[in-house]
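Peer 1: One line per chain: the protein sequences are A and B, in this order.
Heads up: the first sequence begins at 1 in this note's numbering, then just goes up one per residue.
Heads up: the second sequence begins at 586 in this note's numbering, then just goes up one per residue.
One-sided excerpt, in silico: chain A residues whose CB lies under 8 angstroms from chain B:
hint, residue
1, R141
2, I142
3, L245
4, A246
5, F439
6, Y448
7, N543
8, G548
Which stretches of chain A does chain B cover? Using the computed rule of at least three CB atoms under 8 angstroms from a CB of chain B, they are:
hint, stretch
9, 247 to 260
10, 342 to 350
11, 363 to 372
12, 530 to 539
In silico SDA-like links for lysine to any residue, alpha-carbon gap of 20 angstroms or less:
hint, chain 1, residue 1, chain 2, residue 2
13, A, K442, B, R686
14, B, K843, A, A359
15, B, K940, A, Y66
16, B, K752, A, L147
17, A, K64, B, R939
18, B, K632, A, N532
19, A, K64, A, E268
20, A, K112, A, R317
21, A, K442, B, A687
22, B, K843, A, L363
23, B, K752, A, A355
24, B, K750, A, A357
Hint data in this document are derived by calculation from the structure and do not stem from the laboratory.
Think of the CB as a built atom: it goes at the ideal place given N, C-alpha and C, for glycine as much as any other residue.
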Amino acid sequence: MTATIATGSIAAQGRRWRWNSWAAGMIGLAGIASVLILALLAIVLWLSVLDGQPGDANVAYTFKYYVEIFADPFTYTVLYNTFVFSAITLVVAMAFGVPLAWLVERTNLPLKPVILATMTVGLILPGFATAIGWQFLFHPRIGMVNLWLKELFGFTDSPINIGTLLGMGWVQGLGLAAVAFVMTSVVFRAMDSSLEESAHMSGANTRQTLFRVTVPMVWPGVLAAGIYIFMIGFAAFDVPAIIGLAGNIFTFSTYAYDQVKPTGMLPEYGLVGALSMVMVVLGLILSWWYTKVQSKAPRYAVITGKAYRPRIIDLGRAKGIAVAFVVIYLLLAQILPLLVVVWTSSQPFPQPPTAHAIAQATLGHYAHLTADSLWLGVRNTATLMVLTPTITLVVSFAFSWVVLRSRLPGRTAFDFAAFMPHAVPNIVFSMAALLLALFVLKDILPIYGTIWILVLVYVVSRIAYATRITNSALIQVHKELEEAAEVSGAQVGDIVRAVLVPLLKPAMLYAWIWMSLLTYRELTLPVLLSSNDNLPLAVVVWNLWLSGKFGEASAVAVLMLAVMMPLVLAGFWATRRMGVVAQGN
Amino acid sequence: MLKFSRLAAACAAAVVPSWLAIGAAAAADTKMTPELAKVVEAARAEKVMDISSGPGVNGGAEMGSRIVAGIKKYFGVDLEYKFTPGGPMGEIGNKVATEFRANQKASTDLWTGAAAQIVPLLKLDMFVKADWGKLMPDRVKTAFVEVDGKALRIATGMPGILYNKQKGADFGKVQKMDELLDAKFKGKFGTTIYGAAFDVLLGKDVWGPEKTLAYYQKFVQNMQGILNCGGDDRVASGEFLALAFDCAGGAQYQPQYKGVLDLHVVPEMAQRRPYYVMVPKNAAHPNAGILLGLFLSTPEGQKVQEDSWGIPLYEHEETRRHKEIAALEAKGVKFLDVTIDWWEKHPEIVENSRKMFGIVRAATK
Numbered sequence: 001m002t003a004t005i006a007t008g009s010i011a012a013q014g015r016r017w018r019w020n021s022w023a024a025g026m027i028g029l030a031g032i033a034s035v036l037i038l039a040l041l042a043i044v045l046w047l048s049v050l051d052g053q054p055g056d057a058n059v060a061y062t063f064k065y066y067v068e069i070f071a072d073p074f075t076y077t078v079l080y081n082t083f084v085f086s087a088i089t090l091v092v093a094m095a096f097g098v099p100l101a102w103l104v105e106r107t108n109l110p111l112k113p114v115i116l117a118t119m120t121v122g123l124i125l126p127g128f129a130t131a132i133g134w135q136f137l138f139h140p141r142i143g144m145v146n147l148w149l150k151e152l153f154g155f156t157d158s159p160i161n162i163g164t165l166l167g168m169g170w171v172q173g174l175g176l177a178a179v180a181f182v183m184t185s186v187v188f189r190a191m192d193s194s195l196e197e198s199a200h201m202s203g204a205n206t207r208q209t210l211f212r213v214t215v216p217m218v219w220p221g222v223l224a225a226g227i228y229i230f231m232i233g234f235a236a237f238d239v240p241a242i243i244g245l246a247g248n249i250f251t252f253s254t255y256a257y258d259q260v261k262p263t264g265m266l267p268e269y270g271l272v273g274a275l276s277m278v279m280v281v282l283g284l285i286l287s288w289w290y291t292k293v294q295s296k297a298p299r300y301a302v303i304t305g306k307a308y309r310p311r312i313i314d315l316g317r318a319k320g321i322a323v324a325f326v327v328i329y330l331l332l333a334q335i336l337p338l339l340v341v342v343w344t345s346s347q348p349f350p351q352p353p354t355a356h357a358i359a360q361a362t363l364g365h366y367a368h369l370t371a372d373s374l375w376l377g378v379r380n381t382a383t384l385m386v387l388t389p390t391i392t393l394v395v396s397f398a399f400s401w402v403v404l405r406s407r408l409p410g411r412t413a414f415d416f417a418a419f420m421p422h423a424v425p426n427i428v429f430s431m432a433a434l435l436l437a438l439f440v441l442k443d444i445l446p447i448y449g450t451i452w453i454l455v456l457v458y459v460v461s462r463i464a465y466a467t468r469i470t471n472s473a474l475i476q477v478h479k480e481l482e483e484a485a486e487v488s489g490a491q492v493g494d495i496v497r498a499v500l501v502p503l504l505k506p507a508m509l510y511a512w513i514w515m516s517l518l519t520y521r522e523l524t525l526p527v528l529l530s531s532n533d534n535l536p537l538a539v540v541v542w543n544l545w546l547s548g549k550f551g552e553a554s555a556v557a558v559l560m561l562a563v564m565m566p567l568v569l570a571g572f573w574a575t576r577r578m579g580v581v582a583q584g585n
Numbered sequence: 586m587l588k589f590s591r592l593a594a595a596c597a598a599a600v601v602p603s604w605l606a607i608g609a610a611a612a613a614d615t616k617m618t619p620e621l622a623k624v625v626e627a628a629r630a631e632k633v634m635d636i637s638s639g640p641g642v643n644g645g646a647e648m649g650s651r652i653v654a655g656i657k658k659y660f661g662v663d664l665e666y667k668f669t670p671g672g673p674m675g676e677i678g679n680k681v682a683t684e685f686r687a688n689q690k691a692s693t694d695l696w697t698g699a700a701a702q703i704v705p706l707l708k709l710d711m712f713v714k715a716d717w718g719k720l721m722p723d724r725v726k727t728a729f730v731e732v733d734g735k736a737l738r739i740a741t742g743m744p745g746i747l748y749n750k751q752k753g754a755d756f757g758k759v760q761k762m763d764e765l766l767d768a769k770f771k772g773k774f775g776t777t778i779y780g781a782a783f784d785v786l787l788g789k790d791v792w793g794p795e796k797t798l799a800y801y802q803k804f805v806q807n808m809q810g811i812l813n814c815g816g817d818d819r820v821a822s823g824e825f826l827a828l829a830f831d832c833a834g835g836a837q838y839q840p841q842y843k844g845v846l847d848l849h850v851v852p853e854m855a856q857r858r859p860y861y862v863m864v865p866k867n868a869a870h871p872n873a874g875i876l877l878g879l880f881l882s883t884p885e886g887q888k889v890q891e892d893s894w895g896i897p898l899y900e901h902e903e904t905r906r907h908k909e910i911a912a913l914e915a916k917g918v919k920f921l922d923v924t925i926d927w928w929e930k931h932p933e934i935v936e937n938s939r940k941m942f943g944i945v946r947a948a949t950k
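Just chain B, same shape as in the assembly (with noise of 0.2 angstroms):
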């Protein structure tokens, strides 16, 4: 059951008689639960699902007829993919947080987040609260879904070193942290503005504040310089032999890296950050924005994550990221889930990730 006023008027405006919702789940291949004939049915009336990502995130522009096809094959319904290749996901989410603020509608019905981009949003309380369990038992469970329904795992992150194979195969031979100190990095790897996994360092349950902080101090003066996730072009290239610390871990994945590049998971670092989709309240198109989240749940939906971001959900065991962890594991290696109610519960990171910030600064030149 849909919980949000907008999204309940737009069901309510496209109520059918049950016949047809059951016609329309005759033509799909999926369990069509009550709600869900509701959320079809509206998405029908929406006709789009207006999607606006980084290229590669969610299937992109390259697996829009994937997306349409995968969509009329389990709901049963022709949706226009309309794609509009976005920034980094913090900054779509903060797009959308201002577009809802000024009442304006969204520059997409389904945004792709993080626990770290998706926390500071919150508070806006705008996001649509849906039943995701209801509307597809099947692959949809409990534990997906976090803040009351408004938010869903797609995708599952593994922050490591993502390094150049040839030039920079010492990178991937690091086994604890205070190695990436040693004089013979000096120089050579890039890291993000923003700190990417070196965040969750800061819970108090990890190293703390003042142990991560002492860290990156040292850390920054090693680097080359910044580089952000998604410069994987620039690591493949040579000109940073190393980005320490990448964001998800799916760009080895890719056919034009293959030989090329390669993820390294320090254990220190392991973690499993899983990625949200969420509709906001403003989402011109909320209930195709739904159906796209639930599509991605699928296994098709998975295999597409897989083909374009590289970074499929962990707790589906069908999928290569399962494949991946579970391997880490059997070697000992520990990861930690940093899902959004962790984050919540760890106050202290975002009051000393600016830190982090002030320490890249003051390294540069």
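Chain A on its own, in the form it takes in the complex (with noise of 0.2 angstroms):
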């Protein structure tokens, strides 16, 4: 677009340096995230091919880890088991999420901010109490319900085994659902009405409207959220861990866990890292496809300069059953999870709710708690939530606008870039991210059991879903809109500021509350990465989980939600004032 701007006089020549230099610190953002994610990436690669350990004296490479992986039986079986959970996830996880989301935004759904806080609670709860409370219900010894239909029916076997891939994937998707809800609310809430009154006024119906008209327009959303879904279901770790391994089912995160954390001998990195180049392949392909997909953008540009009000659909008599939806969903994913911590941390051990375990309960595992270990949490896990969203955003935003907007040559490679971390399972993103901490960063920028490598890992790993979001929002935002400011005489920061910023708001926002808080439950890439000084409370409370003590990690996670309730209760009370969440009775 700046390539048509009178070049000659002086205020065009002082036009083009800002420009300029608007572009270079967007491409120059870019470009060192992209820099640092490939040699996040060179070092899984060198780890695959490197015989024996980092820090060895004398190196020698082999490829023996490959063909180790490859001739192991065992390796197909993970990538079996991690394939179907992940499908499963995705399926139980967009069957959710999406139509909540369309509920929320485009419906006369009632109690939506209700809703919206509801969901929340999912992400703040730790993953090992879903999954606990599922044993609880469907575990084939002492699962509740099985029991219970035993007793009923005289079943001589369990007839529901939560330890299954099916009952893990149920699990995971179930958490997930929340995710895939604010990754495509946004896309429900940025779509332009008229096409579908256009539609309604050519004599279709509401359901020809969905199908034909608002799938459509959201489908790139809703894709990547698919994608990404697909990706954590991938490296997905509580849930394999609690549920999968106690009824013997591997999946590549339990499998790289106990490689890369073994007890009785030195971490085996090299068939991690090969095993991670097999799935840096698969998230290349689904990069690949996802770009095929956006590349016809332009032809979901939905906010135009002509009219960017959603409109909202009357559900009429469905009312009921979108309520009815929303409760068991609700109930499911979010309730009896949250109820299933408050228990734990009551009772001296997990157990089912009988009148005795009720004669057991005790408030022990509150006083076991220590204050220092907390604060400490309390302080890291605070900063990282501050200040995760709000670089990865910066960063995204200018991907985004490099992708989209300039006509740098070459500029699809950054959406790749941006997108690869999403290839990597955390596992090991946070692995190559200790030892580039270690042995390479250590003596020019010494961030190695400092809060910073926190920040640096969860940013570069969030990249790939920010991206999505500022690209998806971006991509909504017709052209047109930035043409007639400039046109008009603005400049790139004035467009910016003045016409995307404020039509981006929303989604930004938006992304940031949820950005934070699923920085707020990230456990996987701390859990190596963590020290003395920079420890989140993810990570005590797994830490406590994995030395037995539900307890004491079902405390801590109780006490965090009645912190954390009020301050997201307060946000999404301040951001509804502001327009960023969907209004609603």
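Since each chain comes alone in its own frame, lean on the hints to assemble the complex.
Peer 2: Here it is, written out as structure tokens:
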């Protein structure tokens, strides 16, 4: 666009210089982040061919890890399990998350703020609590539902077993439905309703409009959410570690964890590196697919200068069904785990709620918590919750602008770079960052053991998610608005400030809040990178869980919920008043 | 006499007139040898001990005030106790090893591990040599110190079947390992992915690799799933009826498990597995780490072990572990001492332990 700006005059040269400084800034930011991403990937590649341990005096290279993983039937079992688990997770998450987003953003569903606030509870709850809750319901031996069914129908064996890939995917998918909700609600909210109105005017009913107009329009955003959730499923750790291993099922994350953090031997970085490279190739394929869909982006530009106000659809008689759907979801995915975590925190050890168990209720786990480690965790988590989304969104906007608005040759490579972190399971990224900080950056940038290594890795790993948001949002802003501003004499900086930022503000603020909440519960990234001074709460809880202290882990989670819930509600109240979150009754 | 250059430098930096050391000793409740006086003064300068371990190990966070008071009582020095909850011992050991290779400060001033976790790290020469016996001659016997002063015995693990007394009482009657292959136990117990306690059977003078691997192949077919040491809550809840085998055998003494969990030692698997404390060379406060190791050797330190981890050192006759083992020995149970020295003499264990991991993996769905 700026290539068309006339040159020759001093004013034009001034504009050009300013354009260049803005552009250079954004390209530079995206470039630095890309280099960092590629450096981390390079470390994984290096580890996959390194014969020995990082830091060894004599370094040799080998392909033996690749031979080993491809020759080992267990690799295929792990890959199969991981794919099936991720696919089920995806289906469940999307089946709940996307309709919920549509209902909240585009219909006259009642009590939207309550729904939004309740959705956040699922993100604040530690994953282990959800997994334990489902174990108590559907474990073949101790599952209450199974026990009732056996008693009622006289079954000899338990009819339902949560310790299967299907059960694991169900539990993980319910948890990730909140993420699907977040990612797709942005898309639904930013839709131009004129196309739907045109469809109605042409005689299409609500169902036809939904499937022929709405769905094709939101397709890139939904696809992005789908790919994202599939990859989260690939890297998910809590549910596979608790339900999977107990049922003797390994997925990639539990396999990688055991290799990187073994007992009685040094870490097997090579095997994990080799398997990760396989994951990177798969991620590349997904990335290519996503980019192909995105290349049709102009078709999906739905915010134009003509009209931008999503139409609210009257649910009519279907309102009751919609409310039932929401209630069932909230009950299964949010309220049940919340009750379980509160219950577990009051019990000497996890046990089903019986009269005997109620009599044993205690606050002892709360008394055992030490203020020092809690305060450290709170401080670090709060820092991460502010810095991570802020920096990530700034960097992601730079990426999206370079890819979608600049004319930089090879700009699509930036999008590949931004998407790449998603192709690498977090635990591997974490491992690469650990080695980068310890062996490469230690003298230049001594960030090992500080909060900054976590900020760095969180930002890098979130770029894939955030750029999907900023890409989707930017795609939906038609270039005609920027062109109109440009014709009126605005510079790139002015366009960003006066046109793009106000239009993207709802999506960006929304993304900020949710990224902040996702940062709160992030476990896989810090579990390898945490040291004494940068320990976030999620790792405090994880270490307690890992040491068998479920009650104390739950007590920390409950205390944090007590602190977080008012903040979250206040945040939603404020954003609702700002018009960021959908208005509702 | 400490034989580590960094530590020696630290001690040299903390050179104090002998009267000062004697003055400190006057306030202390232990025999202040010249060697100990030097460590105490150096620790005084360090001011802090940074400890990271599993929450219950060596007292964890809960026993912090008792540890601080104990160190003050025995050595006359005020040290701040900073505890960071970490993961399993092997994980922390590997983390410290990675930090050592990268020339970074260690995450903990005192690492605790058993022979299986210690031996792979010894080749890195990453631990301080300390003259533990001379530092506290009345409590630390020569036999407690291994690897030329790098490792001090501090607790005794006694692997056994940790079982739910109400729902899995049959596990408490197992006398032969073959009984665990019985169909009545199928799908009812968990086992560790790292083959806790089974590793010892690989020793050529125990079962040997062939018999152990053949047995293990059948054993994992009978298990319910993977359950690592520390998963006591899951046995108590009945999700697993038993953990075969628990690494250290101390959870049954935790107050919340009273009447719920118990430990059963199968005679064929009777092992005394010492846990050792070791000071990393890259520790930020090595002298404070040494003092903590010494305190844990005292009667009060052993009581801290008993009240938190549940596994004091067998060799101290006043401890519950000593009485437990003595009672079993009186019944004819013969224990194998799995020390670092023993482990190093059995390289076939490490050679074959990966095969055990492969067997567990092969049994997965």
